[in-house]
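Given the structure of chain L, go ahead and fit chain P onto it with the hints provided.
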Amino acid sequence: MKKFLFILILLVSSMLNAQTNSMNEIIDSNKTDTVFHANLTGEAFIEYRGFKGDQYYFNDWVKSDILLSTGEKLYDIKLKYNGLLDEVIWLNTVIPGLFKIDKASINDFWLKPAFDNDIHFKRIKVNESPNSHQADIFAQVAVEGKISLYIHRKINILEVQTITLDGKLYPYKIIGPTPNYYIKMSSNKYFLMTSLNRNSLLKLFPEQKKLIAKILNTHHLNLKIESDLIKLIGLLNNADFQEK
Amino acid sequence: MFLRKTYYIFLFQFIVFALSTMNVSAATDERTFLQMDRTVYVGGETVFYKLYVIDITTRKRSDLSKTGYILFRDANSNPVLKIRVNIQRGVSSGCIELPDTLSSGVYQVVSFTGFMRNIDEEHFDTKEIVIANRFDKDLNFKLISSDVKSDKKSNFSTTVPVIKTDKTVYSTREKVRISLSGLNSNANVAVSIYEEPAIINNNKSIVETIDGISVEKADIISKNFYLPESRGKIIRGRVMEKTTLKIVPYATVLLSTPDTLANLQYARTDSEGRFQMLVGDYYSGKDLFFTIKDMPFSQNWKIEIEDEFLLTGKWKPALIPNTINSKVYLIKSGNIVYINKSYQLNNEHNKDSVLNLKGICPQVYNCPVNTVYPADFVSLKDFREIAVELLPRVLLSNQNNKYSARVINAAISSPFQQAPAIFMDGVFVDDINKIISLGSDRIKKIEVLSSERIIGDIVFQGIISITTKSNEILKSKPASNSLRVKNDNVNRGKDFVIINPYALKNKKIPYLIQVLYWNPDLQLSSTGNTDFEFYTSDNTADFIIRVEGITEDGIPVSSSSTFKVINRVNSTNK
Numbered sequence: 001m002k003k004f005l006f007i008l009i010l011l012v013s014s015m016l017n018a019q020t021n022s023m024n025e026i027i028d029s030n031k032t033d034t035v036f037h038a039n040l041t042g043e044a045f046i047e048y049r050g051f052k053g054d055q056y057y058f059n060d061w062v063k064s065d066i067l068l069s070t071g072e073k074l075y076d077i078k079l080k081y082n083g084l085l086d087e088v089i090w091l092n093t094v095i096p097g098l099f100k101i102d103k104a105s106i107n108d109f110w111l112k113p114a115f116d117n118d119i120h121f122k123r124i125k126v127n128e129s130p131n132s133h134q135a136d137i138f139a140q141v142a143v144e145g146k147i148s149l150y151i152h153r154k155i156n157i158l159e160v161q162t163i164t165l166d167g168k169l170y171p172y173k174i175i176g177p178t179p180n181y182y183i184k185m186s187s188n189k190y191f192l193m194t195s196l197n198r199n200s201l202l203k204l205f206p207e208q209k210k211l212i213a214k215i216l217n218t219h220h221l222n223l224k225i226e227s228d229l230i231k232l233i234g235l236l237n238n239a240d241f242q243e244k
Numbered sequence: 001m002f003l004r005k006t007y008y009i010f011l012f013q014f015i016v017f018a019l020s021t022m023n024v025s026a027a028t029d030e031r032t033f034l035q036m037d038r039t040v041y042v043g044g045e046t047v048f049y050k051l052y053v054i055d056i057t058t059r060k061r062s063d064l065s066k067t068g069y070i071l072f073r074d075a076n077s078n079p080v081l082k083i084r085v086n087i088q089r090g091v092s093s094g095c096i097e098l099p100d101t102l103s104s105g106v107y108q109v110v111s112f113t114g115f116m117r118n119i120d121e122e123h124f125d126t127k128e129i130v131i132a133n134r135f136d137k138d139l140n141f142k143l144i145s146s147d148v149k150s151d152k153k154s155n156f157s158t159t160v161p162v163i164k165t166d167k168t169v170y171s172t173r174e175k176v177r178i179s180l181s182g183l184n185s186n187a188n189v190a191v192s193i194y195e196e197p198a199i200i201n202n203n204k205s206i207v208e209t210i211d212g213i214s215v216e217k218a219d220i221i222s223k224n225f226y227l228p229e230s231r232g233k234i235i236r237g238r239v240m241e242k243t244t245l246k247i248v249p250y251a252t253v254l255l256s257t258p259d260t261l262a263n264l265q266y267a268r269t270d271s272e273g274r275f276q277m278l279v280g281d282y283y284s285g286k287d288l289f290f291t292i293k294d295m296p297f298s299q300n301w302k303i304e305i306e307d308e309f310l311l312t313g314k315w316k317p318a319l320i321p322n323t324i325n326s327k328v329y330l331i332k333s334g335n336i337v338y339i340n341k342s343y344q345l346n347n348e349h350n351k352d353s354v355l356n357l358k359g360i361c362p363q364v365y366n367c368p369v370n371t372v373y374p375a376d377f378v379s380l381k382d383f384r385e386i387a388v389e390l391l392p393r394v395l396l397s398n399q400n401n402k403y404s405a406r407v408i409n410a411a412i413s414s415p416f417q418q419a420p421a422i423f424m425d426g427v428f429v430d431d432i433n434k435i436i437s438l439g440s441d442r443i444k445k446i447e448v449l450s451s452e453r454i455i456g457d458i459v460f461q462g463i464i465s466i467t468t469k470s471n472e473i474l475k476s477k478p479a480s481n482s483l484r485v486k487n488d489n490v491n492r493g494k495d496f497v498i499i500n501p502y503a504l505k506n507k508k509i510p511y512l513i514q515v516l517y518w519n520p521d522l523q524l525s526s527t528g529n530t531d532f533e534f535y536t537s538d539n540t541a542d543f544i545i546r547v548e549g550i551t552e553d554g555i556p557v558s559s560s561s562t563f564k565v566i567n568r569v570n571s572t573n574k
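Quick mapping for you: the protein sequence lines, in order, are chains L and P. Going by my numbering, the first sequence opens with residue 1, and the numbers climb by one from there. Going by my numbering, the second sequence opens with residue 1, and the numbers climb by one from there.
Treat the hints with care, as some may be off.
[Claimed, not checked] To be clear about the criterion: a stretch of chain L counts as covered by chain P if any three or more of its residues have a C-beta under 8 Å from a C-beta of chain P, and this derived list gives those stretches:
(1) 42 to 48
(2) 96 to 108
(3) 140 to 152
[What the hints assert, rightly or not] Here are some chain P residues pointing at chain L (derived, C-beta under 8 Å):
(4) 363
(5) 364
(6) 366
(7) 367
(8) 451
(9) 452
(10) 456
Calculated directly from the structure, the hints in this document are not laboratory data. From the three backbone atoms N, C-alpha and C, an ideal C-beta is built for every residue, glycine too.
Excised from the complex, chain L in its bound form (with noise of 0.2 Å):
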């Protein structure tokens, strides 16, 4: 027994040192982007609270990568998204302070909950409606691939009411989500569905509505489920589907 305790703790005492040299060597050739890694850039934010409601998809902070217009990837930073301003906001626990990065400098982040998969949000350039001027969103990504689907996580004042405080009457802003869906065809082309219906999915692929309405019906899909419409476009990608 005696034997055996002696062995293990030389056993032990070697594969810790093994792990901390190895880890040595890994810190050594990454220092250079751990030292040298680029700013993020931004003014100060400050947060309107008077709505009932969360204007973030998460509420609390949450360790997220970003990957910069420049190409450069930041880790572990803490961040929020604003669905009610779509932009990213950041905690800076140096300075410290919120501030909103500038959202032209970010391509693509990534919201990291210790309690869930990543998120993946990406910048692109959309018309919000049809009559609309395209503009930056950031948009979850839901499905990459010939035909690709994002998701915009908007937050909008869906009623405004009134609350009387010390004889005096305030509006009180009712927020909620209002996601759209952008459905992006491999000619780059996107399609906005606005509501989750089947029908609305079929009047913007009038040509594939006996493919579309197929797989529904063999996949038991119903489109008032956000789940079921990842799933379908995760189908499309696999079948013969045409834009035309």
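Quick look at chain P alone, frame taken from chain L:
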């Protein structure tokens, strides 16, 4: 009993720790080897080179450093030529134009990477060459006394590339076919074929150099500070008190460069007052403006930039008088250069000597801004008038003829407490007074950001960025806490092009060259022969074929052979 066991445990742990520490230091080290097309040059000629960066543990090409340095220094150790090169997968090749003005003499060519500065300079690769000034008629300079090379056998069980020529004696302007073979594994080599000089040279081959590499703990002098330049050049400097030269720790140093975009990066000095910044391709060939941020009025600090080519060790070659033979050879070389310059014949072509690199601009802002073009309005004589008339969010005040500025915070419509960051032609200038005299006639564009802006961990209470019509920043005098330095360009050079003498437009012109062939990137296969061909010129002499390189397994290979070029017409006539 228990004590003995504990002793063994500690002893074992100590041995494991010592061994693993050695591995770590070895894993982060590299060495260079510089191969040049020959060893004797005339001023005005081109040096073709190949620089290897070798990982000393694997002995293979290192993928760590992406920037290398080549320094030419004379026999008094004065630097005469500084070349920075880009390294890709452990190799860089190109050419260097030797200035006409270099005086005749022996020169040392030192190559190294920034990462190698953590070890003693004596481990930097050195080559000794002779450069003759073609206007120097006497050539009374001294040569390095030639030692006899040691016959020490290589530690490597090397396979030597076998060099086969289709003949041993060639006529002038004749095609030469060469075949390389005999290696056990694939290799990348550089081949140089040049006239055998009359000056003996003791430069080590790649086999001797890699053979001599050793890693001793004592060699490592500054392991932590010099990071591998894996993403480009790293500029290093110090902040210190101007008079006492006392170091200034934890100061913020800002760097920007003239551009149409306001740009900025920063670094903080460490406890020893040192800082380092990555100056990638974006800064290549540009003026670098360094400024100490928020220097207290009572202080007098300065920035000192480290010369990345600085060598502390002196080169003291043992010199002997020039010989008649070498003088004859150098006169011939000078004449050949003169003839080729007269007939505009040279072997370099195709690529520009300076790479047109586009790097990442560290923009200060990337958002919509208020932009004013003064030319769209009535002409205003200075920035004070422009601010009053055209910039409602900028407030200027004057005290004792010194102006100060504040930007009105758009969020709360009241002025910020601190002065905004001022940029002129993309460069951070810490004082509004530097732009106050600029009027509509000199300012092209003004951008104002009236919010609290952040760049990394630095906050500015508003930004005013002006772009002048004629790059006024280059004419401005840097402040006492600022420094302006010119960043060098990355050397790339031109390709060596083989000239077919029969394809020359005028076949009657003399065609004389001393380097018949140079290829820095020849792949040798372990299975078959690698063949190449070129032409002899009108230069009748003995020529050396030198092959040096490294195999895929990290084994250095080196080989040489000779052939002769004679003038058969003359010999028949005789």
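How the hints compare with the structure:
{"no.": "1", "hint": "42 to 48", "verdict": "holds (count 4)"}
{"no.": "2", "hint": "96 to 108", "verdict": "holds (count 6)"}
{"no.": "3", "hint": "140 to 152", "verdict": "violated (count 0)"}
{"no.": "4", "hint": "363", "verdict": "7 Å, holds"}
{"no.": "5", "hint": "364", "verdict": "7 Å, holds"}
{"no.": "6", "hint": "366", "verdict": "4 Å, holds"}
{"no.": "7", "hint": "367", "verdict": "4 Å, holds"}
{"no.": "8", "hint": "451", "verdict": "4 Å, holds"}
{"no.": "9", "hint": "452", "verdict": "4 Å, holds"}
{"no.": "10", "hint": "456", "verdict": "3 Å, holds"}
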